[in-house]
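Could you put together the complete structure from these sequences and hints?
Residue numbers (my numbering): 605 to 769.
Be aware that one or more of the hints could be misleading.
Heads up, simulated DSBU-like pairs for lysine-lysine below, C-alpha to C-alpha not over 35 angstroms straight-line [what the hints assert, rightly or not]:
hint	residue 1	residue 2
1	K700	K609
2	K671	K737
3	K659	K671
4	K659	K737
5	K731	K609
6	K671	K609
7	K737	K700
8	K731	K700
9	K609	K659
10	K671	K731
11	K659	K700
12	K609	K737
13	K700	K671
In case anyone wonders, no lab produced these hints; they're calculated from the structure.
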Amino acid sequence: MPPLKYLAGYPAALQHQVRELIAADRLGPWLQQRYVEPHQVRNDRQLYDYTQALKERYLRQSVPLSKVIYDSRLQVLKHALGTHTTVSRVQGSRLKSSREIRIATVFREAPAPFLKMIVVHELAHLKESDHNKAFYQLCTHMEPDYHQLEFGLRMYLTHLDARPD
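Structure follows, in structure tokens:
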């Protein structure tokens, strides 16, 4: 069986359990049972509104967002589930900056908790650019189950990767 690239940093015993679930074709049903809640965020406008609502609740004082979209060009294989960028443009004698968040289109069909986790992750980058202790504290402030959801998302991506196309 090929290596579990989304679970590479986890202990071998845990990876072995996941391999057993895959071999028994039980990973998909396990994920469906655990993460049953779908979301209704299907287009870019709904994604922007969803992200803005989370931002208003937890990061009211942070910089404004100009764009939040689903991006089909993000490569999940390169571990880019979402991106945050600052775009600077010169307009006359002023420098205008705008913040953008792009979410991989795999989250259009993913369970609701995974969409929330990735949006929380990208919003946390508005205040903390690095993946440090303060960054993860902010993530768990916005989503208390952040770490469990991150692991669940890695299992979900492993399931998608293991499915025959």
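Taking the hints in turn, this is what the structure says about them:
1. K700 <-> K609: It is violated: about 39 angstroms lies between the C-alpha atoms, which goes past 35 angstroms.
2. K671 <-> K737: With Cα atoms ~27 angstroms apart, K671 and K737 stay inside 35 angstroms; holds.
3. K659 <-> K671: Distance of about 13 angstroms is within 35 angstroms: holds.
4. K659 <-> K737: The given pair, whose Cα atoms are some 20 angstroms apart, holds under the 35 angstroms limit.
5. K731 <-> K609: holds, 29 angstroms
6. K671 <-> K609: Holds, at about 30 angstroms.
7. K737 <-> K700: holds, 31 angstroms
8. K731 <-> K700: The given pair, whose Cα atoms are some 19 angstroms apart, holds under the 35 angstroms limit.
9. K609 <-> K659: With a Cα-Cα distance of about 31 angstroms, the restraint between K609 and K659 holds, given a limit of 35 angstroms.
10. K671 <-> K731: holds, 17 angstroms
11. K659 <-> K700: holds, 21 angstroms
12. K609 <-> K737: holds, 24 angstroms
13. K700 <-> K671: holds, 14 angstroms
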